[in-house]
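Note that the protein sequences, when read in sequence, are chains A and B. FYI, in my numbering the residues of the first sequence are 1 to 115. FYI, in my numbering the residues of the second sequence are 1 to 112.
Where hints are given, some of them may not hold.
Here are the computed lysine-lysine pairs in the PhoX-like style, where the Cα-Cα straight-line distance is at most 25 Å [said to hold, decoys possible]:
1. A:LYS57 with B:LYS56
2. B:LYS56 with B:LYS37
3. A:LYS69 with A:LYS18
4. B:LYS56 with A:LYS71
5. A:LYS57 with A:LYS17
6. A:LYS65 with A:LYS17
Derived from the structure by calculation, the hints contain no laboratory data.
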Amino acid sequence: EAQVTQNPRYLITVTGKKLTVTCSQNMNHEYMSWYRQDPGLGLRQIYYSMNVEVTDKGDVPEGYKVSRKEKRNFPLILESPSPNQTSLYFCASSLSGTAINYGYTFGSGTRLTVV
Amino acid sequence: GESVGLHLPTLSVQEGDNSIINCAYSNSASDYFIWYKQESGKGPQFIIDIRSNMDKRQGQRVTVLLNKTVKHLSLQIAATQPGDSAVYFCAGRGSGYSTLTFGKGTMLLVSP
Numbered sequence: 001e002a003q004v005t006q007n008p009r010y011l012i013t014v015t016g017k018k019l020t021v022t023c024s025q026n027m028n029h030e031y032m033s034w035y036r037q038d039p040g041l042g043l044r045q046i047y048y049s050m051n052v053e054v055t056d057k058g059d060v061p062e063g064y065k066v067s068r069k070e071k072r073n074f075p076l077i078l079e080s081p082s083p084n085q086t087s088l089y090f091c092a093s094s095l096s097g098t099a100i101n102y103g104y105t106f107g108s109g110t111r112l113t114v115v
Numbered sequence: 001g002e003s004v005g006l007h008l009p010t011l012s013v014q015e016g017d018n019s020i021i022n023c024a025y026s027n028s029a030s031d032y033f034i035w036y037k038q039e040s041g042k043g044p045q046f047i048i049d050i051r052s053n054m055d056k057r058q059g060q061r062v063t064v065l066l067n068k069t070v071k072h073l074s075l076q077i078a079a080t081q082p083g084d085s086a087v088y089f090c091a092g093r094g095s096g097y098s099t100l101t102f103g104k105g106t107m108l109l110v111s112p
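Isolated chain B (complex conformation) (with noise of 0.2 Å):
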């Protein structure tokens, strides 16, 4: 199976600072990753995936990141915006065949 946490539960960051927010996973065998958002009172929200071919992939003012040597994934988040404000959370599939498997969150705080 796949195992995926996130290394901080609360980021706080000031307006305009870039964010950055980790993941780890235990699957070494995992070949697609996802990051969502989830702002308040909503369901999460698709904002960037990557393969495992790949170890880097950008999207507008979002980065993902991704070392399968340590088996761990980042979400880049450029020009941080109060709008950014959310719960952000990596899920990995553990193969070819299987479904997502999502880890706990990081909430992310931006101050003006």
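If we strip away everything but chain A, and leave its shape as in the complex, we get (with noise of 0.2 Å):
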């Protein structure tokens, strides 16, 4: 089945301490990217990629980083989680990013608690 997987599904953890949120397409699409969603703001982009080693920041970069060694995976890490980064987040994928064509496939969501 093609799809985008997501994990862990829910994650709480304290302030400071180093995450990683996996992300893994199997559609062999080029364009991969993460969004936060908040109450009243909808899907903010945290960062994006065109293609491997490939990465650009989206508009609320701050305090995250990711990778793209390999098609197929797109980590999301946090270096040191601060409680506003508590969110909802997807990871979401495309043959392009000019999404022609049904748009992006999303994930399930990772919720994460950060207190």
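Could you fit the two chains together into a complex? Lean on the hints.
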């Protein structure tokens, strides 16, 4: 089944403890992206990647890192999480960033709580 | 860039009614739009798309209308069912080389 898989689905952590949220897609998509979703603010883009070894900042990149060493994986790294990073996170992928034909495919989300 | 917004945060309808969810955009160069549905606890899912050279596109029980003059698009859901209860997002692409920008979402509540 074609899908975007995120892990974990739920995570509670403490301030300052490094964490990684994994994202993997099995559709050979070139484009991958991370979003956070907060009440009243909608989906905000954190980072995106047009292809392997190519990453760019989105609208809210502060406090996050990403890497794209291989096509299928795009992990989101929080080096020193803070409570304001408590949010619902989504990974998305597409054949290309321009999204023509069916837009982006989203993962099921990771709900992160930083205490 | 692209600014995409929705007119109403919540829309409540009765089962069997037709629902209309609206979206405005700011970039007149936007050339591609998508409507997504997000059910509770899930990621957004593609519903229907429309390119800027069209003003209407129909799917199964859904129709998207695009009015480029006033930079507005709408999603119409016919014979709304309880399973249609979800948050609906519009997304727009600013140009052929840019990525999608998402609106904040409208929650559709369908009561039996």
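* **Enumerated hints in conflict with the structure, sorted upward** => 1 and 4
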